[in-house]
Amino acid sequence: GDSVTQMEGPVTLSEEAFLTINCTYTATGYPSLFWYVQYPGEGLQLLLKATKADDKGSNKGFEATYRKETTSFHLEKGSVQVSDSAVYFCALSATGVAGNMLTFGGGTRLMVKP
Amino acid sequence: NAGVTQTPKFQVLKTGQSMTLQCAQDMNHEYMSWYRQDPGMGLRLIHYSVGAGITDQGEVPNGYNVSRSTTEDFPLRLLSAAPSQTSVYFCASSYSGPRNTEAFFGQGTRLTVV
Chain A
84 GDSVTQMEGP
94 VTLSEEAFLT
104 INCTYTATGY
114 PSLFWYVQYP
124 GEGLQLLLKA
134 TKADDKGSNK
144 GFEATYRKET
154 TSFHLEKGSV
164 QVSDSAVYFC
174 ALSATGVAGN
184 MLTFGGGTRL
194 MVKP
Chain B
477 NAGVTQTPKF
487 QVLKTGQSMT
497 LQCAQDMNHE
507 YMSWYRQDPG
517 MGLRLIHYSV
527 GAGITDQGEV
537 PNGYNVSRST
547 TEDFPLRLLS
557 AAPSQTSVYF
567 CASSYSGPRN
577 TEAFFGQGTR
587 LTVV
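Same order as they appear, the protein sequences are chains A and B.
Each residue of the first sequence is one higher than the one before, starting from 84 at the first, in the working numbering.
Each residue of the second sequence is one higher than the one before, starting from 477 at the first, in the working numbering.
One chain only, chain A, in its complex shape (with noise of 0.2 Å):
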């Protein structure tokens, strides 16, 4: 079946230094692929999304590739924040599942200390 592997937390930085949280899927098909964020104390929120290879999804400063090669989809960002400080989950939705339904990787806690 499908599945979602990301590194395990937590990941713990300095303020102002470089993210990459890895991120690799198994699906047949062609998977839209997503990355969520949970803050403290909150549900989660889509943080950005691919559609196809080599799609770049982005936002707040967070991009992620969509690598149908390596079937991986790592999040980056250039300069962290104590505000990025929260629990991000790769997920991807499969081609014909019903009801788009997501597959989740396990969650990867970053903290970032100023």
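Note that these hints are calculated values from the structure, not bench results.
Even for Gly, the Cβ is constructed at its ideal location relative to N, Cα and C.
A few of these clues could be false.
Some chain A residues well away from chain B (every beta-carbon gap over 12 Å; in silico) [as the list claims (entries may be wrong)]:
hint, residue
1, Val87
2, Thr88
3, Leu96
4, Ser97
5, Leu129
6, Lys132
7, Phe145
8, Glu146
9, Lys151
10, Thr153
11, Asp167
12, Ser176
13, Val195
Now the in silico label distances, taken between C-beta atoms and shown as ranges [what the hints assert, rightly or not]:
hint, chain 1, residue 1, chain 2, residue 2, range
14, A, Thr153, B, Tyr571, 25 to 33 Å
15, B, Thr491, A, Ser162, 25 to 33 Å
16, B, Ser545, A, Glu91, 39 to 47 Å
17, A, Pro93, B, Thr491, 27 to 35 Å
18, B, Met495, A, Glu152, 46 to 54 Å
19, B, Asn504, A, Thr111, 42 to 50 Å
20, B, Thr588, A, Ser86, 26 to 34 Å
21, A, Gly124, B, Gly516, 36 to 44 Å
22, A, Glu152, B, Pro551, 18 to 26 Å
23, B, Ala558, A, Gly124, 32 to 40 Å
Got chain A; can you put chain B on it based on the hints?
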């Protein structure tokens, strides 16, 4: 806009008790779903619905029931609570559009079964 509203936010149950987690959305979304979030396992799909009167099982449906009598509401029922159901529960909704359609999440219900 309220978006997706879940109640209660916190709940403690004794083993064997039953309860209903409420979920309501005001965006006229066709698709609704319930996930549980456990440490290191991301979010796993419990049940979902593609419209009023239509529900189906997700990855981890055992011990849970759902119904969808209206577009707005999608309650999740625990029939006889077990400690293994201690988790954070999220309700989500989305349009019945393409696979890259954004899902909107509630703030979650933290359930502890003792």
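Results of checking the hints against the structure:
no., hint, in the structure
1, Val87, "violated (7 Å)"
2, Thr88, "violated (10 Å)"
3, Leu96, "holds (20 Å)"
4, Ser97, "holds (25 Å)"
5, Leu129, "violated (5 Å)"
6, Lys132, "violated (6 Å)"
7, Phe145, "holds (15 Å)"
8, Glu146, "holds (17 Å)"
9, Lys151, "holds (15 Å)"
10, Thr153, "holds (20 Å)"
11, Asp167, "holds (19 Å)"
12, Ser176, "violated (4 Å)"
13, Val195, "holds (21 Å)"
14, Thr153(A) / Tyr571(B): 25 to 33 Å, "holds (31 Å)"
15, Thr491(B) / Ser162(A): 25 to 33 Å, "violated (49 Å)"
16, Ser545(B) / Glu91(A): 39 to 47 Å, "holds (41 Å)"
17, Pro93(A) / Thr491(B): 27 to 35 Å, "holds (32 Å)"
18, Met495(B) / Glu152(A): 46 to 54 Å, "holds (47 Å)"
19, Asn504(B) / Thr111(A): 42 to 50 Å, "violated (31 Å)"
20, Thr588(B) / Ser86(A): 26 to 34 Å, "holds (29 Å)"
21, Gly124(A) / Gly516(B): 36 to 44 Å, "violated (19 Å)"
22, Glu152(A) / Pro551(B): 18 to 26 Å, "violated (44 Å)"
23, Ala558(B) / Gly124(A): 32 to 40 Å, "violated (26 Å)"
Checked against the numbered hints above, the structure breaks hints 1, 2, 5, 6, 12, 15, 19, 21, 22, 23 and satisfies the rest.
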